[in-house]
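K.L.:
Chains as they are written, first to last, in the numbering used here: chain H, 1 to 258; chain E, 1 to 420.
FYI, nobody ran anything at the bench for these hints, they're computed from the structure.
Ideal Cβ positions, reconstructed from N, Cα and C, are used throughout, including at glycine.
Possibly wrong hints are sitting among the right ones.
To be verified - Chain H regions said to be covered by chain E (calculated; three or more residues, Cβ under 8 Å):
1. 89-97
2. 118-126
Stated by the list, open to error - Just a few of them, taken from the derived set where beta-carbon distance is under 7 Å, the chain H residues facing chain E:
3. ASP42
4. GLY61
5. ILE64
6. PHE106
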Amino acid sequence: MNTRIRMSVKTLLLCIGFSAAASLGVFSQDLTGGEIMQKVDDNQFIASARIESEMIILDRGREIRKEMITYVESDGDDTNALAEFVNPRDRGTKYLLLGDEMWMYFPDAEDLVRISDHMLRDSMMGSDFSYQDVLESEQLTELYDFEQVGMETVDGREAYVVEASASEGKEPAYRYRTFWIDAERFVILREEMYARGGRLLKVMKTERVEEIKEGRWMPLEMVMEDKLREGSETRYKITSIELDYDIPEGTLTLEALQ
Amino acid sequence: MQLLKIAWRNLKRNKVRTSIAVFAITTVVVIVIFSRGLIVGFTESSFSLYINNMYGHVRITTEEYDLREPLLPLDYAIRGLDEGGASEMAETLKQEIDDIQYILPRIRFGAMSSLNDDVVRMMGVGTDMAAEAHHGTLPDDLIEGRMPEEGNEILLGSILAEKLEKGVGERVTFMYSDAYQSMRGRTFEIVGLRESGSADLDEHYFYLPLKTAQDMLWMDDEVTEMLVFGSDAQKADTLQAELDAFLNEHGAEAFTAVTWSNADPFVQVYNEMDEIMFLVYVLFILMGTVVVVSTLSMIVRERTAEIGMMGALGMRSRDIMNVFLLEGVFIGIIGSLLGVILGGAITFYYSLTGLRVEAFAEITGAFDMLMEPVFYIAFTFENLVVSFFLGAAVVALACLYPAYKASKLKPVDALQGRDM
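Isolated chain H (complex conformation) (with noise of 0.2 Å):
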């Protein structure tokens, strides 16, 4: 399984880093989109990393900040990833996610919550992102077959047109999507989530792209729009990220979530 982490919605746990450099400077029409795909997956992989970020949560004219600490590791075939509320009201709520199951640590709780599959389209925090956003970002390449449909400007940038299908058998959360991919850079500047029978259910649009080591750039602010929920919308930014963290030994199991 191809885990590595791509940085669009895994930036919630998030996020993600990179390891070497992605092939970049190559711009070219006659790439596949599963080709395009496999360049953002390895544009957006890391291998460690300490991401301090916020989430800003818009709904029907309320606004709600969450602050996190997220520590994540990957060593390419499992990623790991702890994320730690720390603004007053969520103060000590913990995100845990080992492989491909998560898990919650509340402090006023006993017991540790894994997230069930019921509960995997709940909103995550509030926010406009599910669990199972979460959980699936890291799959793409596996639960949807990519055609590359063609070249836009976003922005002002160049970006292919990757249109994604749920793959036979695969049941993923959304049975289409469509990227907007930066021709350049490797990093998903839109993407439009669709249902079965075509409606559109949300919206993601990278609103900030810094270059964080030479020749690699990563998506630091994103807003994610749920189509489903009336005037909602959150924003994603990472404040700050140190790559190749070292993080301290059992950091990211479930004694140390307990």
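Given the coordinates of chain H, assemble chain E onto it according to the supplied hints.
P.N.:
For chain E alone, coordinates are given in the frame of chain H:
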């Protein structure tokens, strides 16, 4: 008087035929009495559940909460008059509106628990346990343990406890979203089990002290609803008008006060059903009446010569009509009387023992309708009287036609056996 005697004597001329007609009326009156008792018992039982658990006599919420209630939006809570706090608002209401007997402030919120690979979703109700102990129904439904008093103590629906595989004295962790939409988890101690009889309540609800709910949901001195109880549920409209006036006077247009009978679509359906059922009762009686009308028509046909004789001897058409009408009325009265005795006995029996309808209650529970698994059929004097007069009156009216027909026979034709 003479006509009465003739009519009464005529009834005895063919006892079998008269008995059949009387039996038909008796049967339909028994059905009507039983049906009315069933409907009244059912609605009273269900209404009582709705009033005590969901709406009070009048429920105050914010307009926005009322609109979005299925989502249980905690951000549209009652924060008091001029945001001075819900407790102060409740006190002011009690002081200024005489008819208010008591108020139960509550917070309802969604919660869930992870059980193996499954998720059990439920509803938490933060409520003033002291007020519940004095006025509410929770203590009456306690089947084990005690009422929650403070901290993380909860009262759990009995079926919910079974699903969670937990009992009194055990601890359970629930997840919920607070007023700022943050997912949270908390471990509670189960101190009591509730069995209301309603599958929906017992399977999906747990109760905790209001203060605990306010703390854990970040809703300091806020509630999502106030259940206001007046002196009589049937006078809820008056209480609502007073509350509306109070809210307008205090510039609290963001709040809405809704009577229990208008708060839930199912209650409205019940009320409409009651009106429809009256029509059904009349139709039932008409079914029995068909037998009486048919019997009378047969009698008129059989006694054509006799009617001619009565006319030839100078009996007025009106008297002839009255004789036949009185025969029908006697059948209606006797049948209705017997129906009242038999129907009264049956409803009285079931008003004591109840009628078990677990399967039906389970089905309706799946649609979030509140219903107890045992109906206690209402045995009321009013039901017996109404059913008696309904039976007698409908039969009498229906007999007008054959009686009129008899009165219109011409003596000469009648004596020659010619029908009209």
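K.L.:
All hints are to be evaluated individually against the structure, with a verdict given for each.
P.N.:
Against the structure, the hints come out as follows:
no., hint, verdict
1, 89-97, "holds (count 3)"
2, 118-126, "holds (count 6)"
3, ASP42, "33 Å, violated"
4, GLY61, "10 Å, violated"
5, ILE64, "5 Å, holds"
6, PHE106, "3 Å, holds"
Of the numbered hints listed earlier, those contradicted by the structure are 3 and 4.
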